[in-house]
Structure formats: structure tokens, C-alpha cells
Amino acid sequence: MKKSWALALIAGLVLPSLALAHGPSRQKVKIEREINAPAEAVWAVAGDFAKLDQWLPPVSKSEIISGENNTAGAVRAVTVGDVVLEETIKSIDNAKMVLKYKITKGDVNVLPVNNYSSVLKVAPAGEGKSVVSWQGAFYRGYPNNDPPPELNDEAAIKAVTGLYNLGLDNLKAVIEGQ
Amino acid sequence: MSLTGARLKVSGFFLCLFCHLALADTAVITNQLAGTVTLHNAESGELLKRLPMDGKPVGVSIDQQRGLAYISRPERGLVSVLDLQTREQVGDILLKGGAVAIALDSSGERLAISDWYDSALYIYDTIGHVFITRIPLEYAPAGVAWGDDALYVAERDGDQIAVIDTDVWQVLKRIASGEHPFGLAYHASASRLYTADVVSGTVTVIDTQQHRAIASIAVDESPYCIAVSDVQRRIYVTNQLEDTVSVIDSDRLELVDTFDTDGYPEGISLSADESELLVANWGDSTVLRLDAVSGERLVGFAADEGSRAVGNFLYRE
Numbered sequence: 071m072k073k074s075w076a077l078a079l080i081a082g083l084v085l086p087s088l089a090l091a092h093g094p095s096r097q098k099v100k101i102e103r104e105i106n107a108p109a110e111a112v113w114a115v116a117g118d119f120a121k122l123d124q125w126l127p128p129v130s131k132s133e134i135i136s137g138e139n140n141t142a143g144a145v146r147a148v149t150v151g152d153v154v155l156e157e158t159i160k161s162i163d164n165a166k167m168v169l170k171y172k173i174t175k176g177d178v179n180v181l182p183v184n185n186y187s188s189v190l191k192v193a194p195a196g197e198g199k200s201v202v203s204w205q206g207a208f209y210r211g212y213p214n215n216d217p218p219p220e221l222n223d224e225a226a227i228k229a230v231t232g233l234y235n236l237g238l239d240n241l242k243a244v245i246e247g248q
Numbered sequence: 006m007s008l009t010g011a012r013l014k015v016s017g018f019f020l021c022l023f024c025h026l027a028l029a030d031t032a033v034i035t036n037q038l039a040g041t042v043t044l045h046n047a048e049s050g051e052l053l054k055r056l057p058m059d060g061k062p063v064g065v066s067i068d069q070q071r072g073l074a075y076i077s078r079p080e081r082g083l084v085s086v087l088d089l090q091t092r093e094q095v096g097d098i099l100l101k102g103g104a105v106a107i108a109l110d111s112s113g114e115r116l117a118i119s120d121w122y123d124s125a126l127y128i129y130d131t132i133g134h135v136f137i138t139r140i141p142l143e144y145a146p147a148g149v150a151w152g153d154d155a156l157y158v159a160e161r162d163g164d165q166i167a168v169i170d171t172d173v174w175q176v177l178k179r180i181a182s183g184e185h186p187f188g189l190a191y192h193a194s195a196s197r198l199y200t201a202d203v204v205s206g207t208v209t210v211i212d213t214q215q216h217r218a219i220a221s222i223a224v225d226e227s228p229y230c231i232a233v234s235d236v237q238r239r240i241y242v243t244n245q246l247e248d249t250v251s252v253i254d255s256d257r258l259e260l261v262d263t264f265d266t267d268g269y270p271e272g273i274s275l276s277a278d279e280s281e282l283l284v285a286n287w288g289d290s291t292v293l294r295l296d297a298v299s300g301e302r303l304v305g306f307a308a309d310e311g312s313r314a315v316g317n318f319l320y321r322e
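Going line by line, the protein sequences match chains Z and P.
First residue of the first sequence: 71, per this note's numbering; consecutive thereafter.
First residue of the second sequence: 6, per this note's numbering; consecutive thereafter.
Be aware that a few hints might be false.
Calculated lysine-lysine pairs in the BS3-like style (CA-CA distance at most 27 Å, straight line) [said to hold, decoys possible]:
#1 P/K178 to Z/K98
#2 P/K54 to Z/K100
#3 Z/K172 to Z/K98
#4 Z/K166 to Z/K191
#5 Z/K228 to Z/K242
#6 Z/K131 to Z/K160
Keep in mind that the hints were calculated from the coordinates and are not lab data.
Assemble the whole structure, with the sequences as input and the hints as a guide.
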């Protein structure tokens, strides 16, 4: 298994365009959570691009390394274990409470995906309640045919689903605990 | 049989007097993640029929004359054929690998199939139900478009377009495009081919008589599919990661407008009179009808999960 990962990474280094290549099917995961707090309170945490380390458990540190926080083009460095990923804001709408961003420097050992983009939204859901929805669009970690099991479509979907559930559960706990 | 036919013809005539009210185009939508094809009244969005179609269906190509829709199902290695009058599946074309992009020629007699897994272009005779030829390609083929005496295939990972001679079925030439071309559109009246270059975020304009690129137009992020209108004199491109349609003036070859769409727009088709655009949005699983001049949203309707509709997906009754 390690050997095939190494081959995949080496192929990515030797032929840069292959690292951007992908199989034919983009995958989608969308998870929602209701939180017992007003939308503005939830957005203050979930919609703050620099604050990922305050609510997403695998992340030990998140900081803005380029651009201004919460503006289009801002880049955050996200530390998971001893790996640092990078994510960039595509657009952010404070009035509608919608954040669109993507992974610009990923690592399939951390999250087995390629070409990952995400939309995070907060909306009011009645008195003192709100709903967070987190949607990811991505291709599997291995770009070509016959992927190894840990880098196939199922593995990608499982990993993103697990991350979103973990994150939204913790976001809810963090906000409701305040 | 003939008596029934005569009756149908008479009622058809009366219906046509109220054409715009009674008849509407049918939108044939491939819903990749749901594994279905949904047929909708393109004006109201009303769901007319849902057909189970697993295998991550993507591509649509419509034979107007015969009332058929060809649907690519890449992960089943099939192209299925739908009868749009009876709204039933009537056949399958079995492929060696699996295709994403498919396109019928103007006669409806030949289907070009871009087999991504087999790295080859296949030409299928839809009348005789046989493959005419297989053309091996250098890179995984993406979009395909018929021209005049030539067929164009995007060789995505090679950042180039293969020009195929349709008399001898061989690659004549390769032309550099932008990075990772996916969707193609042939503009017959201008003898040009437009490519949606996903990674470079451009539309490359290729002069098909000179066999070279003559312009590159920056659009928004991740352009995928293209529709061309001679009535509007515009080229429309869906930008998947921007949630927009870029509008290019086809005479000046300049970006002139941007329309908002729903999440992850992909397939785009023009209405019969080219006054409206239909856009399938994979992220929100919706289809939008937009005014082709102003970009105003006229109608938005839900399709099934992961609606893509890559190709010409409007069937005119």
C-alpha cells in the first residue's frame, strides 16, 4: 500500500499536469447541523476564516498567511499533525452568511481528495436557532484509473463525510457551550 | 394504424395553433449522483418523467429528427438511448471503457464517443448499430465536436485538440489550446472552434481553416461547457467554480458580460429561438432558465442530485 502511494506521489512530481488530472466523477458531500444559537453567533465562528482551529478538531493551528482575513483571495495555513495545508477564500458574503473556499495546497495523506472546493452556509432556523450546511465538491485522491482502495472514490467520500460530521458536531458543542 | 395516425395528425395541427402555450421544449437532464435522467418541461420545469440510469450519467446528445436522446453513463461503460416520444429507454451501446462526452453529427447517423478509459475516440453508426472506427488518442479524450469535414476532440491532459479527418478517420493535426480543455463548441458560420480550458480559466478560439488558435479569452474559474448563438452573436461559457456564465461577443472575441447561476454550473443549452439559456447546476442540483441578453433568471427548477447535462440537452417537440 505504501508503495502505491509513493508511486502516486512520484507520478505527481514528474508530470505536474497529472497532479491536476482527475477521474471522470466529481463527488459531493453535504452535511447540515442545527445549532441552538442565533445565526450571527454561529457565523462569527464558522464564517471567520482564520478561526478554523477553534472548532475543527483535527486542526491544531490555522492562520492567515496571505491577504486579509475574510476577504476573497485570503489564504490560511491549516496545520494537521505535522502537515500544513493551504486553503483560499473564493468568495465570502457576510450578509448572506456564505463562505466559498478551496484547498490550494493539499495532502492526500491528510484528506484523500483532489480539486476540493467547499461552501459553508449559516441560515436562521427559528427563534434562537440556526442551521449550518457544509458542502464539499472534490475528486478522489488518486487521479487516474484503478485507484488503490485508500485513494478511491469511496475513501474520499468517507473521509470528507467523517470530517464534516466531526467538525459540525464540535462547532455545535463549542457554540452552545459559550 | 393509419387511422390513428391521421387522427393524431389532425389534433397535432390544432395544437400547433397554440404552439407557444401548449408545446414546450423538453429538457433532458443527467443527474450524475442520483443515477437518473429526468425529463422536464423546459418552460415550467415540471417533471415529466424520471428514468433510472446508474453509472454516473453525464453526457446528452439529442437527435431532433428522430426524437432520441443519447446518454453517456461512464461508470457502466454504456451509452443509453432514450425515445423522447415514449419517454422510455430503447437501447444501449456497449463500450470498451466508458465515455463522458458524446456528440451526434447533424444527420443523427453518427455518434462520436469520447472513451476516457480506453483513451480513444469511437464513431458509432446509429442506423446500422455498429462501430465504424476506433481512433486511438494520446491523452484521455474529453469534449468532442463535429465540424465541417472534421471532428474535434479535446485531449485534456495534453492541452491540445486533435483534429480528425472524417473521410479517412485519422488524426490530421493537433492544435494547442489552453490548459485542460474540456467542453468544445464548433461555430459553423465563423469556421471556428471554441475550447473551455478548465485549468487556465480561458476560452481558446481556434480558426479551423488555418488550424491554429487565434485568441485566448480569460473567463472565470473552471470553465466547462460552451453554447454559441448566431442570433445573439454571443459565446456562453459556464464557470464551475465561480457560479457564473461568461458571455463573449463572437465578433469582437471579447468578454462583455457575466451572468450569475446556482452552484457549480455545467451543461448549457440554447432555446430554439436562442433568446434563452438553460444551465444545469451540479452543486445545487437545479436547472436555471436565463434570459440570454440580460441574464435575468426566468425560471429555476430542481432536478435530481448532481445535475450536469453536458451537451445539447433541449429537445424541441
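Hint check:
{"no.": "1", "hint": "P/K178 to Z/K98", "result": "violated (38 Å)"}
{"no.": "2", "hint": "P/K54 to Z/K100", "result": "holds (26 Å)"}
{"no.": "3", "hint": "Z/K172 to Z/K98", "result": "holds (14 Å)"}
{"no.": "4", "hint": "Z/K166 to Z/K191", "result": "holds (8 Å)"}
{"no.": "5", "hint": "Z/K228 to Z/K242", "result": "holds (21 Å)"}
{"no.": "6", "hint": "Z/K131 to Z/K160", "result": "holds (21 Å)"}
Taken one by one, the earlier hints fail for this structure only at number 1.
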